[in-house]
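Peer 1: In our numbering, the protein residues as written are 14 to 782.
Treat the hints with care, as some may be off.
What follows is a list of derived Cβ distance ranges for each label pair [to be verified]: (1) Ser34 to Ala353: 43 to 49 angstroms; (2) Ala540 to Pro239: 49 to 55 angstroms; (3) Asp381 to Gly348: 26 to 32 angstroms; (4) Arg647 to Ile107: 34 to 40 angstroms; (5) Ser34 to Gly637: 16 to 22 angstroms; (6) Ser666 to Gly323: 51 to 57 angstroms; (7) Asp286 to Pro319: 53 to 59 angstroms; (8) Ser427 to Gln346: 35 to 41 angstroms; (9) Ala310 to Ala540: 47 to 53 angstroms; (10) Val601 to Val220: 58 to 64 angstroms; (11) Leu219 to Pro239: 49 to 55 angstroms; (12) Arg642 to Asp381: 30 to 36 angstroms; (13) Asp597 to Leu139: 42 to 48 angstroms; (14) Thr210 to Gly105: 21 to 27 angstroms.
Simulated pairs of lysine to any residue, SDA-like, Cα-Cα distance not exceeding 25 angstroms [to be verified]: (15) Lys244 to Met370; (16) Lys244 to Arg301; (17) Lys244 to Val601; (18) Lys84 to Arg216; (19) Lys244 to Ser201; (20) Lys84 to Phe217; (21) Lys244 to Pro199; (22) Lys244 to Arg600; (23) Lys244 to Arg200; (24) Lys244 to Ser34; (25) Lys244 to Gly637; (26) Lys244 to Ser712; (27) Lys244 to Asp554; (28) Lys244 to Lys84; (29) Lys244 to Glu232; (30) Lys84 to Pro199; (31) Lys244 to Arg598; (32) Lys244 to Val408; (33) Lys244 to Asp597; (34) Lys244 to Asp381; (35) Lys244 to Arg202; (36) Lys244 to Phe528; (37) Lys244 to His688; (38) Lys244 to Leu38; (39) Lys244 to Leu371; (40) Lys84 to Arg222.
Hints in this document: simulated from the structure, not taken from any laboratory.
These numbers come from a predicted model, not from an experiment.
Just so it is clear, CB atoms sit at the ideal spot from N, CA and C, and this is done for glycine as well.
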Amino acid sequence: MCESNTPDRGITELAMPIVPSEVPLARPITPVGLTPDPEPPVPGPPTPGPFPEPGPGLPQLEPVLEPISPKIQLCRLDFRDGCYAMTINRTGAIRPRYGTLRVDRAAPDAGSDGLIVSGDVYNAPLPVFDPITHIFPEGLPTATIAPGHTRTELTTSASAAMHASLSEVATTSLIGKLRPRIPIYPRSRYHSYLKGTRLSVPRFSLVGRGCKVTIDLDEFEYTQPPVGQHKGSFPSSPSRSVRFVLDQLPTPFPFSIFGGPHFTGRLVEGGVDRGSVSLTWVSRFLRRAVLEIDTLAGAVAPQPVPHPSGTGTEYFDTVYAQAGWDLDVQEDQTGVPVPAGVNATACWSSADLHALMLSVRSATTNLDAEWRTHLIVVPARLGCSRGVMYDQIDVPREGSASFSDDGYPTSDSSNFGAAANRTQRTVPRAFLRSATHEVTHAFNQIHQEQETSADNSIMTTTPSVADVLGGPTTGAPGVFPDQIALALNSTVRNHLAHMPDPVVRPGGWPFGSWFGTPTPQASDRAAFTDDELSVTVTVDDAQPAFGAPVTVRWEMTNTSDQDLRVPNDVSLDALFATMSVTDDRGRVRPVRPFVIRCEAAKLETLAPGESHSAEHRLFWSSDGFALDRPGHHRVTVSVQWSAGGVPVTADGSADVWVDYPVNSQENADAALVMHPEVGKWVALDGGAYHLTEAVDRLSALATSSGTGDSARGVAGPSRLAAAFSDLMPSGAADARRATARKATARKPAAKKSAAKKTAAKRAAPKRTR
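Please construct the entire structure, taking both the sequences and the accompanying hints into account.
Peer 2: This is the structure we're talking about:
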C-alpha cells in the first residue's frame with residue numbers, strides 16, 4: 014500500500030506536516046492594512062502624535078500618497094516583528110495576567126504577505142507581580158550590572174546575507190546589558206495559548222477613528238497537569254475568541270531608553286469591552302533559552318564551523334536564530350573528571366550517563382526563571398551512538414549527550430562519503446549537526462521521517478541525511494558531510510517559534526507527547542493490514558503480580574510479496590515505535606522511552622518475509638506507571654512513520670492480566686516498588702546507584718520475607734522479589750549485567766526471515782544503537 018519514500022535533497026520543498034493533535038498551533042494569516050479598517054470603532058483613548066520613526070535597521074513603511082480627502086489620515090504605526098511583553102487586566106479580575114506575544118513575518122511558509130501571530134498567557138501571583146524584573150534581568154538602569162555574556166542578535170536588514178545576519182553579535186556594553194529581554198514566567202502559572210487569526214495594521218484611516226492595531230486571537234485555556242505529572246491539556250476548540258484594539262503611545266520609562274514601541278488599548282470579547290491590554294516590544298527574537306555545554310576529560314565539544322559561502326560561521330545559536338530564538342550558548346565546564354568505575358572510551362550505560370548529567374549540570378538551574386537545557390560531551394567510541402537525549406533527569410527534557418569519539422560507521426549508511434568510519438571530532442560539520450539534533454530533541458521536536466519526510470535538515474536522522482545527499486537515491490555521491498545544511502526545515506522552525514510554551518520549554522511536556530496518542534487513529538493515518546505488514550506482540554508474563562515489570566517483545570514482518578520501505582529500528586528508543594496501555598476502564602496511558610537513542614534510525618527496504626524486532630521492560634515512564642492497577646490491560650505497539658508525506662502505521666497488541674496482591678506482604682512489596690525512583694532505576698536498566706531512594710527500596714525488597722503464592726504453586730520469596738531478581742542492586746547479577754552492558758556496541762537492526770520468527774520470539778532481540 015506504500016511506495017518507496019524517496020527523500021528530497023533540499024529542506025524547502027517538504028510534504029505537508031502532520032498537524033499536532035494534542036496542542037493548538039498558530040498558522041499563517043494574511044494581514045489587513047492596505048485599506049481603511051472596515052470594522053466598527055471601539056471606544057478608547059485618543060491617539061496621540063506624532064509617533065517616532067521606526068528604529069535603525071527596521072523596514073520603513075512604503076511611501077503613501079498625500080490624502081486626497083480630509084476624511085483620510087495617514088498612519089505611522091510601528092508594529093514590528095518580534096516579541097512583545099504583554100499585560101492583560103480583565104475587568105473585575107483580582108490580578109492581572111502577563112505573557113508574551115510573538116509577531117513573525119519571517120516564517121518560511123507564511124508567504125510574501127503572510128505572518129504568524131501567537132502568544133502565551135500566565136497568571137500573576139499575589140501580591141502584585143512586577144514584570145519589569147523579568148524583562149530587565151540585569152535590573153533597571155540604576156542597578157549594579159552583573160557580568161554579561163555574548164549573545165546572538167537577529168538583524169532585519171534586507172541587504173544583509175542570511176548567514177551574516179544570523180551570526181551578528183550584540184554589543185556587550187552597558188546598554189546591551191540593560192536592554193530588555195523576553196520575559197519568562199513560572200510553569201505552574203501558565204494560563205492559556207493565543208492563536209492569531211487576523212491582524213490589521215492600517216496605513217491610513219478615517220479621521221476621527223484613529224490609527225489602531227487590531228489583533229484577533231483564539232484563546233485556549235490550559236488545564237495544569239496532576240501533581241507528579243508534567244503534561245497538561247488544551248481544549249480541542251478555542252475557549253473564547255478575543256480582540257486587542259490598540260493605540261500606539263509613547264513608550265514608558267525605562268523601555269523608552271532601551272526598548273521599542275508601546276501599545277495600549279482594549280480587550281474585546283463578543284463585541285463587549287472586557288478590560289485593558291498593553292504590549293511593549295522587547296526583542297527581535299521570539300523566544301530565548303540557554304544551552305549549557307560541559308565536556309568530559311578526553312572529549313571534544315562541537316565548535317563553530319565556516320559558513321559554506323565563505324563568510325561567517327555557523328553554530329548552535331545561528332541555527333536557532335533561524336527559528337527566532339535567542340540561544341545563549343554557555344560553554345561551561347571542560348575537562349570534567351571521568352566518574353569512578355566508568356570507562357569513558359567505551360559505550361556508556363544509560364545509568365552512568367544519567368548520573369554524570371545529574372552531577373555536572375548547573376546547580377543554580379531554575380527552569381521557572383529560564384529555559385535551560387544541558388549538553389554533556391563524552392568520548393565513547395565508534396559504534397556506540399552519536400548522541401542521546403533523556404526524557405527525564407529530574408523533569409522532562411533537561412539534558413542530552415553527544416559522543417565525540419563515536420561517528421559514522423558504514424553500517425549506518427553507505428553514503429557517509431569522506432566521513433565514513435571516522436569519529437565525530439574529526440568531522441566538525443557533521444558533529445555540530447548531530448549535537449544540534451539532540452539539543453532540538455530536548456526542545457521536544459521529532460524526526461522528520463515521522464512528521465514530513467527525510468530531508469537535509471537538523472531533525473532528520475544522520476543516516477537519512479547522508480542518504481538524501483548522496484548515493485543510489487540521488488546519484489550524487491560524495492556530498493556528505495560538506496553539503497550538510499545546518500538548518501531547521503519550515504515545520505520544525507515554526508514548531509519552535511509558535512508551539513505553546515509548556516510543549517517546548519525544558520521541564521514542560523514529556524518528549525513527543527504533542528504528537529498524538531500512541532494508538533493508531535484511522536482518521537489521521539493509513540494503517541497496514543496484517544497481510545501487508547504485521548506487528549506481533551508478546552509478553553513474558555501474561556499474569557504478573559501487581560507491581561512487577563513485564564517484558565514486552567514485538568516483531569514487525571513484511572507479509573506482502575513486495576519490498577516495503579519501513580523503519581530499520583522499531584525499538585521505543587528510536588521513536589518510530591510507540592506503546593500504550595489501555596486498562597479495563599478504557600483509560601489509555603502512553604508508555605514513553607526514558608532514553609532517546611535514535612541517531613542510527615532511518616527508513617530502509619524490508620524484503621518480503623523479513624522482519625525487525627525489539628523489546629521493552631514495561632513498568633514506568635514519564636507518564637507514570639504503565640500497569641498501575643490490577644485487572645485487564647491491553648498493550649498496543651504502533652510503528653509510525655511518514656511514507657512519501659503520507660502518515661502510516663502498523664500495530665499489534667497483547668493482553669496482560671495483573672493479579673491482585675494475595676497477602677499483606679505482597680501489598681507491602683508493591684508499595685516499595687511503585688515509586689518514581691524505582692521507576693527510573695528500571696527505565697535505566699538498573700545499576701543507577703545515584704538513585705539512592707531506589708537502592709534503599711530494592712534492597713528492602715531483596716530481604717522480603719514473603720512466602721510466594723501458594724495458590725499458584727509459587728514458593729520462596731515474594732513474587733515481586735522474584736520479578737526484580739535481575740534488577741537488584743549489587744551482587745553478582747548486577748556485576749554480570751554491567752559487564753555485558755559496557756561490552757555491547759550498536760549493531761544494525763536484525764532482519765529475520767519468516768522461518769525464524771519462533772526462535773526470534775524466544776530470544777531477547779538486539780536494538781539498534
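Peer 1: Would you mind marking each hint as holding or not holding in the structure?
Peer 2: Going down the list of hints, with the structure as the test:
1. Under the hint 43 to 49 angstroms, the C-beta atoms of Ser34 and Ala353, about 46 angstroms apart, fit the expected range.
2. The beta-carbon spacing between Ala540 and Pro239, approximately 32 angstroms, falls outside the hinted interval of 49 to 55 angstroms.
3. Range check, Asp381 to Gly348: about 31 angstroms between beta-carbon atoms, so the 26 to 32 angstroms window is met.
4. Evaluation of the 34 to 40 angstroms hint for Arg647 and Ile107 yields a failure: the beta carbon distance comes to about 47 angstroms.
5. Between Ser34 and Gly637 the beta carbons are some 21 angstroms apart, a value that agrees with the proposed interval 16 to 22 angstroms.
6. One distance hint, 51 to 57 angstroms for the beta-carbon pair Ser666 and Gly323, holds here, with the actual separation near 56 angstroms.
7. For the hinted restraint 53 to 59 angstroms between Asp286 and Pro319, the CB-CB distance of approximately 56 angstroms keeps it satisfied.
8. Distance hint check: the CB atoms of Ser427 and Gln346 are about 38 angstroms apart, consistent with the given range 35 to 41 angstroms.
9. Restraint check, Ala310 to Ala540: a C-beta distance of roughly 50 angstroms satisfies the suggested window 47 to 53 angstroms.
10. At about 59 angstroms, the CB distance of Val601 to Val220 agrees with the hint of 58 to 64 angstroms.
11. Taken as a hint, the range 49 to 55 angstroms holds for the pair Leu219 and Pro239, whose Cβ atoms sit roughly 52 angstroms apart.
12. At roughly 33 angstroms, the beta-carbon separation of Arg642 and Asp381 lies within the given 30 to 36 angstroms, and the hint holds.
13. Distance hint check for Asp597 and Leu139: the Cβ-Cβ separation is about 43 angstroms, which falls inside the suggested range of 42 to 48 angstroms.
14. At roughly 26 angstroms, the beta carbons of Thr210 and Gly105 sit within the given window of 21 to 27 angstroms.
15. Taking the CA atoms of Lys244 and Met370, the gap is near 23 angstroms; set against the 25 angstroms cutoff, the hint holds.
16. For the given pair, Lys244 sits about 22 angstroms from Arg301 by alpha-carbon distance, which is consistent with the 25 angstroms threshold.
17. The straight-line distance between the Cα atoms of Lys244 and Val601 is roughly 14 angstroms, inside the 25 angstroms bound, and the hint therefore holds.
18. Only pairs whose Cα atoms come within 25 angstroms are accepted, and Lys84 paired with Arg216 is accepted, the gap being roughly 14 angstroms.
19. This hinted pair checks out: Lys244 and Ser201 have alpha carbons roughly 12 angstroms apart, not beyond 25 angstroms.
20. Note on Lys84 and Phe217: the hinted pairing holds, with a Cα-Cα distance of about 10 angstroms set against a maximum of 25 angstroms.
21. Taken as a hint, the Lys244 and Pro199 pair is honoured in the structure, with Cα atoms around 15 angstroms apart against an allowance of 25 angstroms.
22. A distance of roughly 16 angstroms separates the Cα atoms of Lys244 and Arg600; the hinted pair therefore holds under the 25 angstroms criterion.
23. Restraint check for Lys244 and Arg200: satisfied, since their Cα atoms lie roughly 11 angstroms apart, inside the 25 angstroms limit.
24. Note on Lys244 and Ser34: the hinted pairing holds, with a Cα-Cα distance of about 14 angstroms set against a maximum of 25 angstroms.
25. Of the supplied pair hints, the one linking Lys244 and Gly637 holds, its CA atoms being roughly 11 angstroms apart against a limit of 25 angstroms.
26. Straight-line distance between C-alpha atoms of Lys244 and Ser712 comes to about 32 angstroms, which puts the hinted pair past the 25 angstroms bound.
27. For the given pair, Lys244 sits about 30 angstroms from Asp554 by alpha-carbon distance, which is inconsistent with the 25 angstroms threshold.
28. Taking the CA atoms of Lys244 and Lys84, the gap is about 53 angstroms. The hint is violated against a cut of 25 angstroms.
29. Only pairs whose Cα atoms come within 25 angstroms are accepted, and Lys244 paired with Glu232 is accepted, the gap being roughly 19 angstroms.
30. With a C-alpha separation of about 48 angstroms, the suggested pair Lys84 and Pro199 falls outside the 25 angstroms cut-off, and the hint is violated.
31. Distance hint between Lys244 and Arg598 is fulfilled; the C-alpha atoms sit about 21 angstroms from each other, no more than 25 angstroms.
32. Distance check on the hinted pair: Lys244 and Val408 sit about 11 angstroms apart at the alpha-carbon level, within 25 angstroms; holds.
33. Using a Cα cut-off of 25 angstroms, the hinted pair Lys244 and Asp597 holds, with the two alpha carbons roughly 23 angstroms apart.
34. Of the pairs offered as hints, the one joining Lys244 and Asp381 holds, with about 16 angstroms between alpha carbons and a cut-off of 25 angstroms not exceeded.
35. Between Lys244 and Arg202 the alpha-carbon distance is near 14 angstroms, which keeps this suggested pair within the 25 angstroms criterion.
36. Proposed proximity of Lys244 and Phe528 is supported: the alpha carbons are some 12 angstroms apart, at most 25 angstroms.
37. For the suggested pair Lys244 and His688, the alpha carbons sit about 19 angstroms apart, so the restraint of at most 25 angstroms is met.
38. Under the criterion of a C-alpha separation no larger than 25 angstroms, the hint pairing Lys244 with Leu38 is consistent with the structure, at around 17 angstroms.
39. Proposed proximity of Lys244 and Leu371 is supported: the alpha carbons are some 22 angstroms apart, at most 25 angstroms.
40. For the hint pairing Lys84 with Arg222, the CA-to-CA distance comes to about 10 angstroms; that is within 25 angstroms, so the pair holds.
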